[in-house]
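First to last, the sequence lines map onto chains A and B. Residue numbers for the first sequence follow the working numbering, beginning at 6 and rising by one. Residue numbers for the second sequence follow the working numbering, beginning at 428 and rising by one.
Keep in mind the hints are simulated off the structure, nothing from the lab. Heads up, some of the hints might be wrong.
Here are the simulated EDC-like cross-link-like pairs (lysine to aspartate or glutamate), alpha carbons at most 20 Å apart as the crow flies [claimed, not checked]:
| no. | chain 1 | residue 1 | chain 2 | residue 2 |
| --- | --- | --- | --- | --- |
| 1 | B | K735 | B | D708 |
| 2 | A | K67 | B | D740 |
| 3 | B | K735 | A | E59 |
| 4 | A | K79 | B | D708 |
| 5 | B | K735 | A | E47 |
| 6 | B | K609 | A | E47 |
| 7 | B | K557 | A | E47 |
| 8 | A | K23 | B | E547 |
| 9 | B | K557 | A | E15 |
| 10 | B | K609 | A | E66 |
| 11 | A | K71 | B | E547 |
| 12 | A | K23 | B | D786 |
| 13 | B | K602 | A | E59 |
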Amino acid sequence: MKYTLSVLVENQPGVLSKVSGLFARRGFNIDSLAVGVTEHPEISRMTIVVNGDEYIVEQVEKQLNKVIPVIKVKVLQPEAFISRELSLIKVNCNTKQRLEIMQIAQLMNAGIVDVTTNSLTLQLAATAEETETCIALLHPFGIKEICRAGTIALEKGSGVTAPSGKK
Amino acid sequence: MVSGAEIMVKCLELEGVQIAFGYPGAAICPFYDFLYQSNIRHVLVREEQNAAHAASGYARSAGRPGVCIATSGPGATNLITGIATAYMDSVPLVAITGQVNSELLGRDVFQEADITGACEPFTKHSYLVKRAEELPRIFKEAFHIASTGRPGPVLIDVPVDVQQAEIPEFHYPEKAAIIGYKPRTQGHALQIRKALEAIEKAQRPIICCGGGVVLAGAREELIAFAKNSGIPVCATMMGIGVIPMDNPHYLGMIGMHGRTSANRAMKEADLVILCGARVGDRAVSAPQQIAEKAVVVHIDIDPAEIGKNMPVDVPIVGDIRIVMRALADQVKNTVPQEWLDQTLGYKKTYPSRGEPRTDSVEPRVFIRDLSPMMQDNAILVADVGQNQIWAARNFNVKEGRFLTSGGLGTMGYSIPAAIGAKLAKPHRQVVAVCGDGSFQMSMCELGTLCQEGVAVKIIIMENNRLGMVKEFQDRLYGKRYMATVLKGDPDFVKLAEAYGIPAARAETNEEAKQLAARMLETDGPFILVCAVDPDVPSI
């Protein structure tokens with residue numbers, strides 16, 4: 006099962022290596038990890054998707070809480086958060102295929118960010134599942150290159166994961 | 428103007444540091460130059476690993492963070508084993524390393540090593556200082572982190588140019604303000620009530636006392652809890668010394684090398700109360716089996732230890748001392764007499780092994796002879812190997828301490844740790860017990876012993892073997908003694924003489940007893956070599 010964790014950390018050098026090192030050391034499987042600064046410039050948010058069971062995710066949460074620059078760890082409840090993944094997909098595309106691909110892009114809510122005579126690059130911000138669908142639809146044309154960023158997530162509703170200290 | 432190096436020394440002084448253990452080098456010279464003007468006593472060890480071990484022995488005896496210092500590169504990497512040893516046993520250390528000039532970082536210059544990176548798995552936290560202005564905050568935080576919550580080592584890596592940099596003024600913060608670090612100390616009242624209910628229901632309860640009880644200084648509280656509840660107690664190796672061996676409720680050490688009485692009681696219990704014990708594999712080999720049959724209450728200041736190795740029914744996160752006090756005050760004695768008779772009967776069923784010998788020194792008997800000869804508050808430091816098990820199983824800690832490297836199992840720990848322990852408690856007897864293998868791993872520290880005039884007594888159990896590994900080879904590898912025979916041992920008595928340390932060799936138990944008396948009467952250090960039969964087992 007996949008779990009999504011929202012982790013607030015102090016925005017300082019070395020934090021990413023402390024967190025990634027912890028995962029490697031304890032044998033936790035990371036699906037994806039995305040980092041970026043929050044509304045407070047001194048705090049960054051890591052969104053981590055982990056593969057494991059309940060025991061693993063409890064261990065991940067507890068071990069993360071022991072890392073000093075980690076401010077808050079929240080395991081997001083399934084269905085209670087929105088998640089997005091950013092992808093850039095470069096696909097083979099001759100003049101005849103262009104319209105068809107543009108239709109797929111429209112269908113998937115993807116933007117076209119680069120065009121050449123024999124290629125087209127799409128930008129997609131979607132859930133992991135939607136991204137998979139889009140890739141599958143583009144596959145017949147021949148995908149040249151894909152770059153996917155890690156999943157980012159926020160809780161639904163007006164609630165926030167605030168840096169009120171660890172539990 | 429004040430330099431980074433001066434700030435570092437001032438921070439140590441303001442933290443009340445009286446002794447630091449270290450070894451200088453080019454990248455830490457500015458700091459040493461200010462240490463020259465300070466009242467802090469610097470103990471020059473002979474190898475950096477032992478600076479960390481000595482600081483560990485000091486910290487455990489003094490109950491405050493130990494400080495060790497090394498230079499960049501090899502000085503820093505030599506510290507690693509000592510830092511890892513302290514980490515595994517949750518010992519508060521502040522390790523200070525010099526680093527190459529910050530502008531040269533990452534260029535693989537002379538004596539450069541990424542020590543914060545290398546120590547990442549073994550430190551509670553680490554700092555690579557970039558600006559002298561950060562030093563006061565970092566030192567304040569380092570001592571706070573090392574000594575609070577679950578204690579552990581903190582590393583501060585200071586580039587030489589940061590030590591040399593001058594800033595207008597020095598101001599030491601009163602408190603450390605770390606947004607993500609607030610250890611919980613009070614146990615949850617509801618959880619404590621659940622534990623009390625579990626105790627009331629239990630027919631076969633047992634208390635398992637771990638190193639956390641020692642670290643929390645909760646000896647009195649645990650004894651009160653055991654007394655008021657009437658529940659029998661066993662201990663992990665790190666929990667040895669909380670309850671004296673002759674206490675009628677004490678069943679002994681559990682684990683692979685533990686007492687059968689304690690292990691049987693753990694297996695048969697229907698309630699296990701883990702107190703500051705992390706259920707390491709050498710202490711509890713099959714935690715699932717125990718948890719299937721028993722209700723498990725786990726008290727620990729580190730929430731990550733609860734449920735890590737054993738499923739837990741009643742978790743209590745908090746300072747053992749506070750939780751134990753609450754439990755001791757509220758608990759009623761509801762232990763069935765039957766269970767007490769049964770478990771305490773095991774102590775008679777499985778007595779201590781070994782008979783006095785006249786052809787060699789039987790080490791188990793010798794430790795039992797030595798035990799009552801020592802002062803009640805003496806500190807025994809056991810090394811790692813058979814000597815550790817002989818000491819752990821046969822030495823009766825009354826009001827003193829039993830120190831050993833329990834988690835990492837680092838050979839060579841006892842001599843430097845004993846030096847640190849003696850410097851922390853100069854009026855107590857401090858005896859290191861080691862084998863001829865472990866002694867040779869840190870015998871260079873005899874130089875430190877002499878230089879600093881530290882009155883540590885050293886007992887070498889000489890069997891010309893790496894005994895613990897030999898025992899594995901006896902049992903599991905068809906007696907093929909690969910690399911476990913120590914043929915090149917020197918004459919340890921002559922070696923001691925070369926250092927000007929009085930020494931003697933015992934060939935029988937009777938002789939060992941007499942020489943131990945002489946050792947304890949002698950002022951200053953003493954080395955007692957015991958000739959041991961290589962075939963004497965650990966347990």
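Hint-by-hint comparison with the structure:
1. About 12 Å separates the Cα atoms of B/K735 and B/D708, which keeps this hinted pair within 20 Å; it holds.
2. With a CA separation close to 17 Å, the supplied pair A/K67 and B/D740 stays within the 20 Å bound.
3. Of the supplied pair hints, the one linking B/K735 and A/E59 holds, its CA atoms being roughly 12 Å apart against a limit of 20 Å.
4. The straight-line distance between the Cα atoms of A/K79 and B/D708 is roughly 30 Å, outside the 20 Å bound, and the hint therefore fails.
5. For the given pair, B/K735 sits about 32 Å from A/E47 by alpha-carbon distance, which is inconsistent with the 20 Å threshold.
6. Of the supplied pair hints, the one linking B/K609 and A/E47 holds, its CA atoms being roughly 19 Å apart against a limit of 20 Å.
7. Simply put, B/K557 and A/E47 have alpha-carbon atoms about 17 Å apart, close enough for the 20 Å limit, and the pair holds.
8. The suggested pairing of A/K23 with B/E547 holds, with an alpha-carbon distance near 7 Å, which does not exceed 20 Å.
9. Note on B/K557 and A/E15: the hinted pairing holds, with a Cα-Cα distance of about 17 Å set against a maximum of 20 Å.
10. Using a Cα cut-off of 20 Å, the hinted pair B/K609 and A/E66 holds, with the two alpha carbons roughly 16 Å apart.
11. This hinted pair checks out: A/K71 and B/E547 have alpha carbons roughly 13 Å apart, not beyond 20 Å.
12. Distance hint between A/K23 and B/D786 is unfulfilled; the C-alpha atoms sit about 56 Å from each other, more than 20 Å.
13. Taking the CA atoms of B/K602 and A/E59, the gap is near 38 Å; set against the 20 Å cutoff, the hint is violated.
The structure fails hints 4, 5, 12, 13 (numbered hints given earlier, in ascending order).
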